[in-house]
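**Student:** Fit chain B to the supplied structure of chain A, relying on the hints for placement.
Going line by line, the protein sequences match chains A and B. So the first sequence is residues 1374 to 1490, counted in my numbering. So the second sequence is residues 18 to 240, counted in my numbering.
All clues stand as given, with none of them false.
Derived BS3-like pairs: lysine-lysine, alpha-carbon spacing no greater than 30 Å straight-line:
# : chain 1 : residue 1 : chain 2 : residue 2
1 : A       : Lys-1472  : B       : Lys-166
2 : B       : Lys-26    : B       : Lys-169
3 : B       : Lys-78    : B       : Lys-120
4 : B       : Lys-169   : A       : Lys-1472
5 : A       : Lys-1390  : B       : Lys-26
6 : A       : Lys-1444  : B       : Lys-196
What the hints contain is simulated information worked out from the structure, not anything from laboratory work.
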Amino acid sequence: MHEFSLMENILSAVLSKAEEQGLKRVQRIGIQVGELSGAMPDALQFAFDVLQKQSPLLQSAQLDIQIIPAKVRCSLCQQEYRPDQRIALCPACHLPSGKLVQGEELTIDYLDGEREE
Amino acid sequence: MSMRISMDKQAVQAENQRVAEENRSLFRQNKVTVINLMSSPGAGKTTLLEKTVEQLAGRYKVGVIEGDLATSRDADRIRALGATAVQINTNGGCHLDAHMIAKVLPDFSLSELDYLFIENVGNLVCPATYDLGQHHKVAVLSVPEGNDKIAKYPVMFRHVDLVLLNKVDLLPYLPFDLKQAEEDLQMVHPGAQWLPLSALTGEGFAAWLEWLEQRRQAAVAAQ
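Only chain A is shown next, with the shape it has when bound in the complex:
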């Protein structure tokens, strides 16, 4: 529901970095989106497609979304597993002993661009 405002945050961080580095255009933006981040990749892509038109620097840029799967480690048996909705339920111990170790990421990883000569 709020992927537009998330994408505005992303693009504003990218643009200030691009200006600081003297880029004349941005070719690619890499972001990481965890399965449990609460953000939908398709909606982020849609927001990007709309918002990139507002900035000359971003006209030809592509968005590279890396989806980070949720991963839980059991604090009793140390087994790592992909959780279902009952995130903490370790499939081996059958106890709520799991701690989420990845899957909540919502981060900007990199940008590719061309510098002015």
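**Tutor:** Relative to the frame of chain A, chain B by itself:
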């Protein structure tokens, strides 16, 4: 020449987090206990707040921030009980963020307040991941919503310290599996607290007020 520039895994919500920390430090300085209440629309947040304000009035000074898409009806209801209430209309926005809170804080005399309740926009998805600077996130779930909501909205229930199960006066009339809901909560968020109550009849309210009192004492004692 093409080049790759690292953004060092900068958090997309970094700016919200920065403002949330500013709010948090204001709350700490003024020793006000701040609760961010979240639920789906219709779970009974406003009625719960009315009852809570009534019970705390006299002993404590209470402020309320009401987040809604539109109208000032909720703030009007709270003000009628004598608490300071400020309405934030998000005009379609699906959650409150730390900036919106920071903007209305000057409307309160924070140093005089004991509690500040923030009623978030009714939505079990978006408010979960926005830190407002609160001490505690509390979810309100209600009996008519069904006991499957905890497993269906794990992101929300992972983020809250306490779940209030509201409208327990309806338990005799609706198929709600209390045991299953409580077990789901422990499977999604081990250690989260669970309090069944009814804002309408007052059943279970003593435990909620006791929970608030303990949090207030902790916030006052913290440096």
